[in-house]
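In order, the protein sequence lines correspond to chains A and B. For what it's worth, the UniProt record's numbering labels the leading residue of the first sequence as 1, then goes sequentially. For what it's worth, the UniProt record's numbering labels the leading residue of the second sequence as 1, then goes sequentially.
Please note that the accuracy of each hint is not assured.
Since the list can't tell identical chains apart, any single copy or any two copies may satisfy a pair.
Said to hold, decoys possible - Computed list of lysine to any residue pairs in SDA-like fashion (alpha-carbon distance at most 25 Å, straight line):
1) K209 / A365
2) K124 / A200
3) K124 / T300
4) K209 / F337
5) K209 / A97
6) K209 / G338
7) K209 / P339
8) K124 / A213
9) K209 / G72
Just so you know, the hints here were simulated from the structure itself, not pulled from any lab data. From a predicted model like this one, the values you see are computed outputs, not experimental measurements.
Protein chains: 2
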Amino acid sequence: MGPGPITVDPRVLHAMSAQLVGQYDPFMTATMNEVMALYRGVFRTENEQTLLVDGTSRAGIEAALVSLLEPGDRVLVPVFGRFGHLLVEIAERCGAAVHTIEAEWGTVFTAEQIDEAMAQTRPKVLAVVQGDTSTTMCQPLADLGEIAHRHGALLYCDATASLGGNPFETDAWGLDVVTAGLQKCLGGPSGSAPITLSPAAVDVINARKHVEAGIATDSDRPRGARIASNYFDLAMVMDYWGPRRLNHHTEATSMLYAARECARLLLVEGIDDAVARHRLHGEAMLAGVRGLGLEVFGDTAHKMTNVVAVHIPDGIDGEAARTAMLEEFGIEIGTSFGPLAGRVWRIGTMGYNARHDAVLTTLAALEQVLRAGGAGVTAGGGVGAAREVYEEARA
Amino acid sequence: MGPGPITVDPRVLHAMSAQLVGQYDPFMTATMNEVMALYRGVFRTENEQTLLVDGTSRAGIEAALVSLLEPGDRVLVPVFGRFGHLLVEIAERCGAAVHTIEAEWGTVFTAEQIDEAMAQTRPKVLAVVQGDTSTTMCQPLADLGEIAHRHGALLYCDATASLGGNPFETDAWGLDVVTAGLQKCLGGPSGSAPITLSPAAVDVINARKHVEAGIATDSDRPRGARIASNYFDLAMVMDYWGPRRLNHHTEATSMLYAARECARLLLVEGIDDAVARHRLHGEAMLAGVRGLGLEVFGDTAHKMTNVVAVHIPDGIDGEAARTAMLEEFGIEIGTSFGPLAGRVWRIGTMGYNARHDAVLTTLAALEQVLRAGGAGVTAGGGVGAAREVYEEARA
Numbered sequence: 001m002g003p004g005p006i007t008v009d010p011r012v013l014h015a016m017s018a019q020l021v022g023q024y025d026p027f028m029t030a031t032m033n034e035v036m037a038l039y040r041g042v043f044r045t046e047n048e049q050t051l052l053v054d055g056t057s058r059a060g061i062e063a064a065l066v067s068l069l070e071p072g073d074r075v076l077v078p079v080f081g082r083f084g085h086l087l088v089e090i091a092e093r094c095g096a097a098v099h100t101i102e103a104e105w106g107t108v109f110t111a112e113q114i115d116e117a118m119a120q121t122r123p124k125v126l127a128v129v130q131g132d133t134s135t136t137m138c139q140p141l142a143d144l145g146e147i148a149h150r151h152g153a154l155l156y157c158d159a160t161a162s163l164g165g166n167p168f169e170t171d172a173w174g175l176d177v178v179t180a181g182l183q184k185c186l187g188g189p190s191g192s193a194p195i196t197l198s199p200a201a202v203d204v205i206n207a208r209k210h211v212e213a214g215i216a217t218d219s220d221r222p223r224g225a226r227i228a229s230n231y232f233d234l235a236m237v238m239d240y241w242g243p244r245r246l247n248h249h250t251e252a253t254s255m256l257y258a259a260r261e262c263a264r265l266l267l268v269e270g271i272d273d274a275v276a277r278h279r280l281h282g283e284a285m286l287a288g289v290r291g292l293g294l295e296v297f298g299d300t301a302h303k304m305t306n307v308v309a310v311h312i313p314d315g316i317d318g319e320a321a322r323t324a325m326l327e328e329f330g331i332e333i334g335t336s337f338g339p340l341a342g343r344v345w346r347i348g349t350m351g352y353n354a355r356h357d358a359v360l361t362t363l364a365a366l367e368q369v370l371r372a373g374g375a376g377v378t379a380g381g382g383v384g385a386a387r388e389v390y391e392e393a394r395a
Numbered sequence: 001m002g003p004g005p006i007t008v009d010p011r012v013l014h015a016m017s018a019q020l021v022g023q024y025d026p027f028m029t030a031t032m033n034e035v036m037a038l039y040r041g042v043f044r045t046e047n048e049q050t051l052l053v054d055g056t057s058r059a060g061i062e063a064a065l066v067s068l069l070e071p072g073d074r075v076l077v078p079v080f081g082r083f084g085h086l087l088v089e090i091a092e093r094c095g096a097a098v099h100t101i102e103a104e105w106g107t108v109f110t111a112e113q114i115d116e117a118m119a120q121t122r123p124k125v126l127a128v129v130q131g132d133t134s135t136t137m138c139q140p141l142a143d144l145g146e147i148a149h150r151h152g153a154l155l156y157c158d159a160t161a162s163l164g165g166n167p168f169e170t171d172a173w174g175l176d177v178v179t180a181g182l183q184k185c186l187g188g189p190s191g192s193a194p195i196t197l198s199p200a201a202v203d204v205i206n207a208r209k210h211v212e213a214g215i216a217t218d219s220d221r222p223r224g225a226r227i228a229s230n231y232f233d234l235a236m237v238m239d240y241w242g243p244r245r246l247n248h249h250t251e252a253t254s255m256l257y258a259a260r261e262c263a264r265l266l267l268v269e270g271i272d273d274a275v276a277r278h279r280l281h282g283e284a285m286l287a288g289v290r291g292l293g294l295e296v297f298g299d300t301a302h303k304m305t306n307v308v309a310v311h312i313p314d315g316i317d318g319e320a321a322r323t324a325m326l327e328e329f330g331i332e333i334g335t336s337f338g339p340l341a342g343r344v345w346r347i348g349t350m351g352y353n354a355r356h357d358a359v360l361t362t363l364a365a366l367e368q369v370l371r372a373g374g375a376g377v378t379a380g381g382g383v384g385a386a387r388e389v390y391e392e393a394r395a
């Protein structure tokens, strides 16, 4: 019940045990095409270029940024938690001129703040995290596409922690590039990074296409500044997923199967229903931790549905309590990073763990651990408050 | 029966369906430590820094090169096939000054040729492929560590296609960095890249360590030229796998389970026995294709055990024959790249496919397809020749 990676849906685990076929087997290429179509549904986009980067979520982030940004390009990153710092870090390594605005941990930005910073910095790319698990905050994105495009920029979003459990609209919100991972609300394992690219983003990237020696043909004349990574060169990755099927990496087939099953399960449930499920169990957990007398961290009006951060009560050893949760009850909860390390616990309700029994069991166990640690706690206060949320939802 | 990815060992598929635990769960960190120990056995090394890069084989290559090479550093790449070109390509994108020597496709280099080129170019890194599946050639490595070190260079090797099916000695041959993949002789899926680093290589990489903002502490003072990739920054990846457990990516746990099972199966079989198995079935396939009247490509004295390339006979449509093999018999064989595209077929006998029944079935099917395509072929010539190899081995 941590902030991810989380318990994987057993149907996804099962999907990964399917046998492999060759990388140009018609079944394989048809499966790749099917995955592209499924993730258009997940991202809510018409983008043709919707595919997987073979690596963890930060591989997706780096592929997006290194393919978009040339050395010297300006990028604006609104930072409201650890994963904003990660975007800065990756963009800097791309040689970009990185501008930041910072919000206090536990808050998000207004559209006006971002608009103003865009006017001042005039970047090529506005790069923002939707849900930053380090603070549990969910940055509103609906206005940012219009803002970015009005200032002549592309809008990139890291939706790893939020996608599938919080409202997300690639096309309606004007997002140009979005990357994600499977190990949060999608209920899968880490190791595959879905990505979608708007036609405008594709044009920017293809203007830098350099097909690698050994497979380039005479018509593959190099263009623009070569992308600084081979593995993350999305121009070549698109040629591998596209009709040309130009060999790049060898697609990680087991992870492809996992990604397919994650998307299939989400679309069968329905994205709106999946978001409602995350909201329900997130509200039950929020009420439950408050019912245990814990103080919630951050601006709950902008909290992600799928994770809550609570202040570790005075007198409780946070790490000892986490160990007791794991060793006595088999339940993992998380700590955080940077200014919040050792100050808060983060409890997730995401993907396969956004379940009634998982919420109540976690609250029941946490009550026992808090009591054993000497905290004042109302007997049944956590489970009772969560039950009320569930009863109201049924009414 | 292509040059990889190949049919995955069912025990590896099964291992991937195990449930995940949190990334700092004691079971998880113990499993990571176990994987490090297992791959020391696979690589035949005492290197402490033996771990996985979360991506396909070329992710491992790029992690090695981008972590070792600073812009302007000289690197020497002896190129004898497509994957030598890939090393050049990746090193160029690192900003390195890349020097090459080239061998005709189907041949390898003598130690003297490489020694001479080292003396002329005096690189920081000598980067070489062991087995290049594009040509099936296996470059002898035993003398290269001494040569590289005498010239003050580190020796990097891409052993993706060969490891586990051909003799390989990291420490005895003086290799500083080796990367591989699971999808060839190790019998696993693509998507995880085992890597091992000598203490000398670790020193070079740690001299460039920059812990990322958001998790760096005051004692993490940046050093040297920052590595141009965050995802492939092996200094940080080593801190994630090491006792500090400093968060980097979220380890791809299902692929970790796959990598563990691949190594476990290889070490239970015994590396020498696994190499002997690949040699036996490779010799049977070699005899078999000759028995079918096919001409073998390249210098068979330096062929990898686990793949053979044959010239497509005059009058046979190579792609139509590959399609018939797949559609009629469910057997995939490969074509090649660059100068060999459409000129040869490549037939693998590696990992789980290095089996008696797989060899004989492939030869029986190929005989039917060649005959249907109008090639002159001796009835039973392929299977018969392979049987003789097996009978001699039993004698």
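A quick look at each hint next to the structure:
no.	hint	result
1	K209 / A365	neither (54 Å within a copy, 41 Å between copies)
2	K124 / A200	within (12 Å within a copy, 40 Å between copies)
3	K124 / T300	neither (32 Å within a copy, 54 Å between copies)
4	K209 / F337	between (38 Å within a copy, 20 Å between copies)
5	K209 / A97	both (22 Å within a copy, 21 Å between copies)
6	K209 / G338	between (38 Å within a copy, 19 Å between copies)
7	K209 / P339	between (41 Å within a copy, 22 Å between copies)
8	K124 / A213	between (30 Å within a copy, 23 Å between copies)
9	K209 / G72	both (18 Å within a copy, 23 Å between copies)
Checked against the numbered hints given earlier, this structure breaks hints 1 and 3; the rest are met.
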